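With these hints in hand, go ahead and build the complete structure from the sequences.
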Amino acid sequence: EAQVTQNPRYLITVTGKKLTVTCSQNMNHEYMSWYRQDPGLGLRQIYYSMNVEVTDKGDVPEGYKVSRKEKRNFPLILESPSPNQTSLYFCASSAARGPSGYTFGSGTRLTVV
Amino acid sequence: QKEVEQNSGPLSVPEGAIASLNCTYSDRGSQSFFWYRQYSGKSPELIMFIYSNGDKEDGRFTAQLNKASQYVSLLIRDSQPSDSATYLCAGDSSYKLIFGSGTRLLVRP
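Those protein sequence lines, which keep their order, are chains A and B.
Numbering-wise (the working numbering), the first sequence opens with residue 8 and increments by one.
Numbering-wise (the working numbering), the second sequence opens with residue 21 and increments by one.
Hints in this document: simulated from the structure, not taken from any laboratory.
Check before you lean on any hint, since a few could be wrong.
[Unchecked claim] For lysine-lysine, the following BS3-like pairs were computed, each having C-alpha atoms within a straight-line distance of at most 27 Å:
| hint | chain 1 | residue 1 | chain 2 | residue 2 |
| --- | --- | --- | --- | --- |
| 1 | B | K22 | B | K62 |
| 2 | A | K72 | B | K76 |
| 3 | B | K22 | A | K64 |
[What the hints assert, rightly or not] To spell it out: a stretch of chain B is covered by chain A in this simulated footprint if at least three of its residues, at any positions, have a beta carbon under 8 Å from a beta carbon of chain A; those stretches are:
| hint | stretch |
| --- | --- |
| 4 | 31-44 |
| 5 | 120-127 |
Since we're looking at a predicted model, the values are computed, not measured.
Built from N, CA and C at the ideal position, the CB exists for glycine as well.
Listed below in structure tokens is the structure:
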């Protein structure tokens, strides 16, 4: 089944404790992206990647890191999480060079206390 | 700041009626527009995309695009209670999709 897999689905952590949210797609998509979704603010792009070893900042990159060492994986790293990073996170991928129809992962609900 | 704007709703319609969802966008460079449906706590699911001015129909759904007015809409015919969800409009802009904050649709049985 074609899908984007995110883990974990739910995570509660403490301020400052490094964490990684994994994202993997099995569709051989070149383009991958991370979004966060907050009430009233909609989906905002954090980082995106056009291909292996090619990443760039989105609209809200502060406090996040990403890497794209393999085509299928695009992990999101929070080096020192803070409470304002409490949010619902989605990974997405698409086949085209730019964002055509995204396929979204199932989401990660992160709470930082 | 390039934006996509939607009325947050809720838009309430009776079962069997036509639901009309609208959005406007500010980036005249946007070429492609997408409608996603998102159930509470779930990930967005692509319903339709449209690239050209005019209408595009797929089953009960019709997307409409007017680039001169920078306006996109989604019509849902014969609305069902299962259509109750938040509908996100998105436009492409510089290697990303810019999303509106969504319109909540409630279909009353």
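Please name the hints from earlier in the document that this structure breaks, with their numbers sorted from lowest to highest.
-> When the structure is compared with the hints, numbers 2, 4 turn out to be violated.
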